[in-house]
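Chemist: Chain by chain, the residues run as shown.
Number of protein chains: 2
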Amino acid sequence: MTAKIRLYVDQPLGQGQSVPVTREQAHYLFGVMRLGAGAPVLLFDGQSGEWLAEVEEAGKRGGSLRVGRQVRPMQMPPDLWLIFAPIKKARTDFIVEKATEMGAARIVPVQTEFTNSGRIQRDRLQAHAVEAAEQCGGTFVPEVTDMQRLDRLLDNWNATRRIMFCDEALAGETAGLPAAPGPWAILIGPEGGFSKAERDRLRGMEHAYPVPLGPRILRADTAAVAALTLWQMSLGDWRR
Amino acid sequence: MTAKIRLYVDQPLGQGQSVPVTREQAHYLFGVMRLGAGAPVLLFDGQSGEWLAEVEEAGKRGGSLRVGRQVRPMQMPPDLWLIFAPIKKARTDFIVEKATEMGAARIVPVQTEFTNSGRIQRDRLQAHAVEAAEQCGGTFVPEVTDMQRLDRLLDNWNATRRIMFCDEALAGETAGLPAAPGPWAILIGPEGGFSKAERDRLRGMEHAYPVPLGPRILRADTAAVAALTLWQMSLGDWRR
Numbered sequence: 295m296t297a298k299i300r301l302y303v304d305q306p307l308g309q310g311q312s313v314p315v316t317r318e319q320a321h322y323l324f325g326v327m328r329l330g331a332g333a334p335v336l337l338f339d340g341q342s343g344e345w346l347a348e349v350e351e352a353g354k355r356g357g358s359l360r361v362g363r364q365v366r367p368m369q370m371p372p373d374l375w376l377i378f379a380p381i382k383k384a385r386t387d388f389i390v391e392k393a394t395e396m397g398a399a400r401i402v403p404v405q406t407e408f409t410n411s412g413r414i415q416r417d418r419l420q421a422h423a424v425e426a427a428e429q430c431g432g433t434f435v436p437e438v439t440d441m442q443r444l445d446r447l448l449d450n451w452n453a454t455r456r457i458m459f460c461d462e463a464l465a466g467e468t469a470g471l472p473a474a475p476g477p478w479a480i481l482i483g484p485e486g487g488f489s490k491a492e493r494d495r496l497r498g499m500e501h502a503y504p505v506p507l508g509p510r511i512l513r514a515d516t517a518a519v520a521a522l523t524l525w526q527m528s529l530g531d532w533r534r
Numbered sequence: 295m296t297a298k299i300r301l302y303v304d305q306p307l308g309q310g311q312s313v314p315v316t317r318e319q320a321h322y323l324f325g326v327m328r329l330g331a332g333a334p335v336l337l338f339d340g341q342s343g344e345w346l347a348e349v350e351e352a353g354k355r356g357g358s359l360r361v362g363r364q365v366r367p368m369q370m371p372p373d374l375w376l377i378f379a380p381i382k383k384a385r386t387d388f389i390v391e392k393a394t395e396m397g398a399a400r401i402v403p404v405q406t407e408f409t410n411s412g413r414i415q416r417d418r419l420q421a422h423a424v425e426a427a428e429q430c431g432g433t434f435v436p437e438v439t440d441m442q443r444l445d446r447l448l449d450n451w452n453a454t455r456r457i458m459f460c461d462e463a464l465a466g467e468t469a470g471l472p473a474a475p476g477p478w479a480i481l482i483g484p485e486g487g488f489s490k491a492e493r494d495r496l497r498g499m500e501h502a503y504p505v506p507l508g509p510r511i512l513r514a515d516t517a518a519v520a521a522l523t524l525w526q527m528s529l530g531d532w533r534r
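Line order of the protein sequences matches chains A and B. Each residue of the first sequence is one higher than the one before, counting from 295 in the working numbering. Each residue of the second sequence is one higher than the one before, counting from 295 in the working numbering.
Note that these hints are calculated values from the structure, not bench results. The reader is advised that the hints may include incorrect statements.
Copies of the same chain look alike in the list, so a pair counts if it fits in one copy or across any two.
Unchecked claim - Straight-line alpha carbon distances no greater than 25 Å define the calculated DMTMM-like cross-link-like pairs of lysine to aspartate or glutamate that follow:
1. K383 - E428
2. K383 - D531
3. K490 - D417
4. K298 - E485
5. K354 - E425
6. K298 - D494
7. K298 - D440
8. K298 - E407
9. K383 - E351
10. K382 - E425
11. K298 - E350
12. K490 - E407
13. K383 - D440
14. K382 - E437
15. K383 - E425
16. K490 - E350
17. K490 - E500
18. K354 - D449
19. K383 - E407
Note that the structure is a prediction, hence the values are computed from the model and not measured.
Here chain A stands alone, though its shape is the one from the complex (with noise of 0.2 Å):
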């Protein structure tokens, strides 16, 4: 029997270990999945790969697992940001939910001069990447950041990181993504598209390469998935 819950864990991991359950994965686990003792789960920390474990102790507010052998390695993501201006509410779910699938290795929600949400809710995207890894079968989770403003994250840019930005502006052109390795970040347009100024200030920036998304213009999560397409294709993990 092949173990196919797969459950965070925010701690490091290794075998022998007993991993208390929080309120919330008991009520999944032994609640909803109604696992008993020995059930097996796989686990994943983010760092150490994922591992076989099974139900220690199952309870209605809690519990435990033992953990077992590792069962696949850790597979870190390319170093790839995926940064994006928040939207509606689902929407924007969403956006972090399919940069988790796609492999994006952090996801920065910036403030540009068109957005109107001012705020998120970090912990709530958090929780959406975690809930992403685990149903993906990746190993690892993403970081959102808090919401800063786009002028000052290209101010302290470091440019050894080069920039793919999608811009509504540029659909129907051509241009291309050098096949430059290292770090990267891909910049989505706000759904008002970017001021002049900052799409005057991005296409000045040394490293930062103006990639069209075809001839329509796409919503702006439909050109994450598009975009991390794009780039995993030619530059990260998806290279045949």
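Given chain A's structure and the hints, the job is docking chain B onto it.
Modeler: Frame of chain A, contents of chain B only:
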């Protein structure tokens, strides 16, 4: 002043025509957007490009638009179908929206052996495709077909249409898409995966190509956008 509002109308357009406005459109144009007589609106009919029109008569429950000159030619998407197994309602809506933005010509919901959802609301999905086309600046609206069984669809398959099938069982494998133009279909595996019989059958079809989508397992909606990106970049209208 640029006309920002784009509307799909279900009749062939031509210069000088007067186009009646439906009750819903009247609510949106004259109620929500507060357009008055003379205000510009962009129209497309899915077959003759985009036209600049202006409000002729604005009423609470109706009105009309007068069609002026054609402002953009018709842009057909490539002859690409997206075939997928509907899942939860929100994700199915999302797949239809994304397929439209990404330039699929036809959207085909199928029932596979492991599909749970036996029903779709075709009209509602078609309305989503219209809305997405209005929003993404495209001049084409893909048809959403009725749900059909995958085995019957394959029984009647026209062998000149190649199939790119995306299967979670392929995660991590390497494979390629042949540089073959012409009609294609992308087939996205259902959340529970294809059955062994379905997979064997697809692998045995002459013009079906298994294509992996990276090392993580993607949800069906992510897979749809990623597969469309991959195909459009390789064979479609995103080529440089």
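Chemist: Determine for every hint whether it applies to the structure shown.
Modeler: Hint-by-hint comparison with the structure:
Both within a single protomer and between protomers do K383 and E428 lie at most 25 Å apart by alpha-carbon distance, with minima of 21 Å and 22 Å respectively. With identical chains, the CA atoms of K383 and D531 are never at most 25 Å apart, being 29 Å at best within one copy and 31 Å at best between copies. Taking the shortest Cα distances, K490 and D417 never come within 25 Å of each other, neither inside one copy (32 Å) nor across copies (40 Å). When the C-alpha separation of K298 and E485 is checked against a cutoff of 25 Å, the pair qualifies only between copies, where the shortest distance is 14 Å, while the shortest distance within a copy is 38 Å.
Taking CA atoms no more than 25 Å apart as the test, K354 paired with E425 passes inside one copy only; the shortest distance there is 22 Å, against 46 Å between copies. For the homomeric pair K298 and D494, the shortest alpha-carbon distance between copies (24 Å) is at most 25 Å, but the shortest distance inside one copy (49 Å) is not. Taking CA atoms no more than 25 Å apart as the test, K298 paired with D440 passes in neither setting, with 32 Å inside one copy and 33 Å between copies. With identical chains, the CA atoms of K298 and E407 are at most 25 Å apart between copies only, with a shortest distance of 20 Å across copies and 44 Å within one.
Neither within a single protomer nor between protomers do K383 and E351 lie at most 25 Å apart by alpha-carbon distance, with minima of 37 Å and 37 Å respectively. Taking the closest pair of Cα atoms, K382 and E425 come within 25 Å of each other both inside a single copy (20 Å) and across two copies (17 Å). In this assembly of identical chains, the alpha carbons of K298 and E350 lie at most 25 Å apart only when taken from the same copy (17 Å versus 61 Å across copies). Taking CA atoms no more than 25 Å apart as the test, K490 paired with E407 passes inside one copy only; the shortest distance there is 10 Å, against 51 Å between copies.
For the identical chains of this complex, K383 and D440 are intra-copy neighbours only, at 15 Å inside a copy versus 31 Å across copies, given an alpha-carbon limit of 25 Å. In this assembly of identical chains, K382 and E437 lie within 25 Å of each other by CA distance solely inside one copy; the values are 20 Å within and 27 Å between copies. In the homo-oligomer, the alpha carbons of K383 and E425 lie at most 25 Å apart both inside one protomer (17 Å) and across protomers (19 Å), since each shortest distance falls under that limit. Taking the shortest Cα distances, K490 and E350 never come within 25 Å of each other, neither inside one copy (59 Å) nor across copies (35 Å).
When the C-alpha separation of K490 and E500 is checked against a cutoff of 25 Å, the pair qualifies only within one copy, where the shortest distance is 18 Å, while the shortest distance between copies is 51 Å. In this assembly of identical chains, the alpha carbons of K354 and D449 never lie at most 25 Å apart, being 50 Å within a copy and 51 Å across copies at closest. With identical chains, the CA atoms of K383 and E407 are at most 25 Å apart within one copy only, with a shortest distance of 19 Å there and 34 Å across copies.
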